[in-house]
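Chemist: Sequence:
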Amino acid sequence: ASLEYYRRRNRSITLHYQCDHDIQLRFAAVQQACQTLANAEKIWVEAARKPVKNKQHNAGASQVISLSKSPVKIGCLAPPFIKTNIKVWSIDVGYLTLFFFPDYIFLWRRNLYSAISYSALKVGCDRQQINIAGDLPSDAQILGQTWQHVTSDGRPDQSIRHNPKLFKVQYGLLRVMATIGVSLRFYVSSLTLAEKFTKSFASVQQWLSTRQTWEREYTAASPKAGSDYSLNNKKSAHEVLGVKPNASLD
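Numbering (our numbering), first residue to last: 28 to 277.
No lab work stands behind these hints: they were computed from the structure.
Mixed in with the good hints, there may be bad ones.
To be verified - Label pairs and their in silico Cβ distance ranges:
(1) Lys149 to Gln90: 44 to 52 Å
(2) Pro107 to Asp166: 17 to 25 Å
(3) Pro191 to Trp234: 45 to 53 Å
(4) Ala160 to Lys114: 37 to 45 Å
(5) Arg202 to Trp234: 18 to 26 Å
Claimed, not checked - With a Cα cut of at most 25 Å, we get these calculated SDA-like pairs of lysine to any residue:
(6) Lys110 to Lys77
(7) Lys110 to Lys96
(8) Lys77 to Lys226
(9) Lys226 to Leu200
Glycine residues also receive a C-beta, built at the ideal position from the N, C-alpha and C atoms.
Build out the structure end to end from the sequences listed, making use of the hints.
Modeler: Below is the structure:
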């Protein structure tokens with residue numbers, strides 16, 4: 028489903044939230060998790076990976092990982108064609124954006140919205156060592172150094188004239204997947220922050236995914252200043268937007 032209808036008519040949808048105190052606390056924890064991740068100096072999304080034929084000419088690595096040219100942006104962002112009375116945190120990878128609402132996560136891609144339930148989003152974190160040349164983020168953990176061309180025992184290959192030095196860096200590999208066909212691998216310069224995000228988000232996510240009674244109000248008017256979260260049990264956010272939860276993007 029898309030919001031083309033609203034674009035053509037220069038209209039926006041208003042999602043007006045007002046939740047009980049418990050839900051406010053839980054959703055605030057999701058927002059805090061996003062803010063924690065945003066404190067990492069650099070975050071990239073994996074663009075591609077492929078196995079290498081000759082490890083000795085690739086710093087001994089078994090795979091070559093290509094990262095996005097532009098860092099991932101995490102912050103509060105106004106969702107396209109949606110007006111709301113809450114602060115909406117987002118993860119923008121360039122070709123798609125995830126928006127975190129109290130009841131659903133909305134994915135904006137190719138001018139379309141898709142709804143992802145919290146229970147359908149899988150988040151995990153691993154330690155990932157990569158070899159990098161040039162300037163490093165200040166919050167990255169340096170494990171050592173190597174060279175682009177190495178011998179079988181890991182020493183620099185003296186037969187190669189131009190043999191740049193590389194840093195062995197440990198990043199946090201943040202995996203975000205959903206049943207609608209989303210599979211993202213983020214490389215977070217701070218492993219500690221990536222692990223904190225995963226732990227905080229997972230604990231709240233489990234609670235939010237089981238909460239079925241949401242109070243919402245859909246109104247064409249602008250929300251009142253100072254109002255909070257959702258009102259009345261009329262329509263869910265995904266119903267207002269006309270999208271089916273966890274439906275395939277294809």
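Chemist: Is it true that the CA of Lys110 sits at most 25 Å from the CA of Lys77?
Modeler: Violated, because 42 Å separates the two Cα atoms, which is more than 25 Å.
Chemist: Does Lys226 sit within 25 Å of Lys77, going by the straight-line distance between their CA atoms?
Modeler: 30 Å, violated
Chemist: Is 44 to 52 Å a correct range for the gap between the Cβ atoms of Lys149 and Gln90?
Modeler: Distance hint for Lys149, Gln90 is violated at roughly 22 Å.
Chemist: Can the suggested window of 17 to 25 Å be confirmed for the beta-carbon pair Pro107 and Asp166?
Modeler: 31 Å, violated
Chemist: Would the hint linking Lys226 and Leu200 be met if the CA-CA limit is 25 Å?
Modeler: 14 Å, holds
Chemist: For the range 45 to 53 Å, tell me whether the beta carbons of Pro191 and Trp234 fit it or not.
Modeler: 48 Å, holds
Chemist: Is 18 to 26 Å respected by the C-beta to C-beta distance linking Arg202 and Trp234?
Modeler: With Cβ atoms ~21 Å apart, the hint holds.
Chemist: Please verify whether Lys110 and Lys96 have alpha carbons no more than 25 Å apart.
Modeler: 31 Å, violated
Chemist: Do the Cβ positions of Ala160 and Lys114 conform to the proposed distance bound of 37 to 45 Å?
Modeler: Since Ala160 and Lys114 have Cβ atoms about 38 Å apart, the given range 37 to 45 Å holds.
Violation of the numbered hints given earlier is confined to hints 1, 2, 6, 7 and 8; the remaining hints are satisfied by the structure.
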